[in-house]
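Participant: Chains V and G supply the protein sequences, listed in that same order. Those letters in the first sequence? Residues 1 to 150, per my numbering, in order. Those letters in the second sequence? Residues 1 to 417, per my numbering, in order.
Honestly, the hints are just simulated from the structure, not real lab data. From a predicted model like this one, the values you see are computed outputs, not experimental measurements. Idealized CB from N, CA, C, for every residue including glycine. Heads up, some of the hints might be wrong.
Unchecked claim - Selected chain V positions facing chain G (in silico; Cβ < 10 Å): (1) V11; (2) V53; (3) Q55; (4) S58; (5) Q60; (6) S62; (7) C64; (8) K68; (9) H87; (10) K109; (11) C128.
As the list claims (entries may be wrong) - Listed next, with one range per pair, are the computed distances between beta-carbon atoms: (12) V:A84 x G:M377: 31 to 41 Å; (13) V:P123 x G:G89: 51 to 61 Å; (14) G:G384 x V:N29: 45 to 55 Å; (15) G:R151 x V:D27: 11 to 21 Å; (16) G:A27 x V:V53: 37 to 47 Å; (17) G:D55 x V:P123: 57 to 67 Å; (18) G:D55 x V:R23: 57 to 67 Å; (19) G:I30 x V:K112: 51 to 61 Å; (20) G:N173 x V:D5: 39 to 49 Å; (21) V:V53 x G:G149: 29 to 39 Å; (22) V:P123 x G:Q48: 37 to 47 Å; (23) V:V53 x G:G263: 41 to 51 Å.
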Amino acid sequence: MSDLDDLYQEVILDHNKSPRNYRAMADANRKGEGYNPLCGDHVTVFLRLDGGVIQDISFQGSGCAISKASASMMTAELKGKSEAAAHDLFDSVHRMLTGEAGGADGAAKIGKLAVLSGVCKFPARVKCASLAWHTVNAALAGEARPATTE
Amino acid sequence: MKAYSQKAAPGKSFDVARIRADFPILAQNIAGKPLVYLDNGATSQKPQAVIDALDHYYSVENSNIHRGVHSLSERATAAYEAAREKIRGFINAASDKEIIFVRGTTEAINLVAQSYGRSFLKAGDEVVISAMEHHSNIVPWQMVCEQVGARLRVIPINHNGEIVMEEYRRLLNDRTKFVAVTHVSNALGTLVPVNEIITLAHQRDVPVLLDGAQAVPHLKVDVRELDCDFYAFSGHKMFGPTGIGVLYGRRGLLEKMPPYQGGGDMISLVTFEKTHYNVLPYKFEAGTPNIAGVIGLGAAVDYLQGLDWQQVAAHERKLLARATEALSEIVPLRIIGTAKEKAGVLSFVLDYVHAHDVGTILDQEGVAVRAGHHCAMPVMQRFGVPATTRASFAFYNTAEEIDVLVRAIYRVLKVFG
């Protein structure tokens, strides 16, 4: 597979075309704004946290296929996970996107998200894939400032 | 527009292959394919003559200027001042005292906004800019307006990306104290009718600054013919080095403006009680300047003066026409910026495909374009798009390269099915 096919895999194109959990959430109790000042991409992540568990998660925003697919897959993965597990997954995804070997343990945690691993060959696009993850991290931490990829 | 020179016989075809041989960077592969460099609006490539000038300066002449009595310093000073004279001639300024070296267009505009603006604008005054300015011709004016209590007024643009002149006329009033507009839009390629803009402003004794960053690589600029009061441009977009740019200012205005920065070279006498400022242009050149950059920019000017500019302009018009025609045939593609008068820039959006995805896929075909908001977020908002893909041409681009671009765009459509 070429680097390009690796980047734009079917799964990614599908999530870009029909993003999962793409909606505002009226009863969200956490909200995060993410912004990439380099390209103007932005994403809003909505969370309903209950007893340290992500009961519901959704997003809205505008961006490229990579950022949209990453956000969509992220919401699917994080629903029902504890805050601690979400942080863990963030670390593993971040290591994968920046091309650091996560080891067998990391690979097991990442599961379906491994389709995003092609991004590490395109350094200019790593921030596209990580924007939603930075945003959910900020939302979990309850930060008032918008998360940025900078 | 006038020709830079008439060296080549009129009618003789433009030898783009010979021109390309002057730019060593162009002869390389990207992702296994020949580089097609269409990001000239961001920065242009450098001819060997400019690279050699930098090399020669650091190998043979490097020394600080306006300071030493030794031979090297005299040589460096002479080369630096000779470049100033070349640039004066290049834009046909009346005097080399009107040529101020700065880091780039951004610094040139900030200099005028802070030095002229803070001295001569006051509460209630109005500064007029257009809706298609680069951030560097918006933010400096917002800053000074906030500092002095002045108001920023914006001339709207139409759906083709042209200035609405009736609106400009309506905006001009007794409170208007400055006009700052681009000569060629970086995001849309629009060639702005600056003559009319300047004439109308001057009828009210309002000075006009032109952002010429995207104009000097494409047009023969004559500041006296334009009758502008300030003209700002960058070396790196006109085949010169990065980190060097020029502010042209009308001498009478520069004389009454206070220095922008304090330091060495901009003074004639310093005591702890009072400092006397140096004469023009040194009053505005505090500290050791980018000597190599100035000399490299002088070499870029020499290079441009050696081209037949009528042929260059005709070649660039053909490139733009070929690209515009081919892209117009792509159904899910919309060209952003369809002004009647344009120079060397083609911005577009594809339905369902974000500019970044376009940029990445084009890069895999060896094609370098810009994807994003082009430091002109208000322009993106005006057209209701988050970003565009921008192909921007220089005289070393070829018709075949346009065809590669078009094929690469079809590949994007294929990937996104």
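Participant: When the hints from earlier in the document are held up against this structure, which numbers fail?
Facilitator: Per hint list: 1, 2, 3, 4, 5, 9, 10, 13, 14, 15, 16, 17, 19, 20, 21, 22 and 23 violated.
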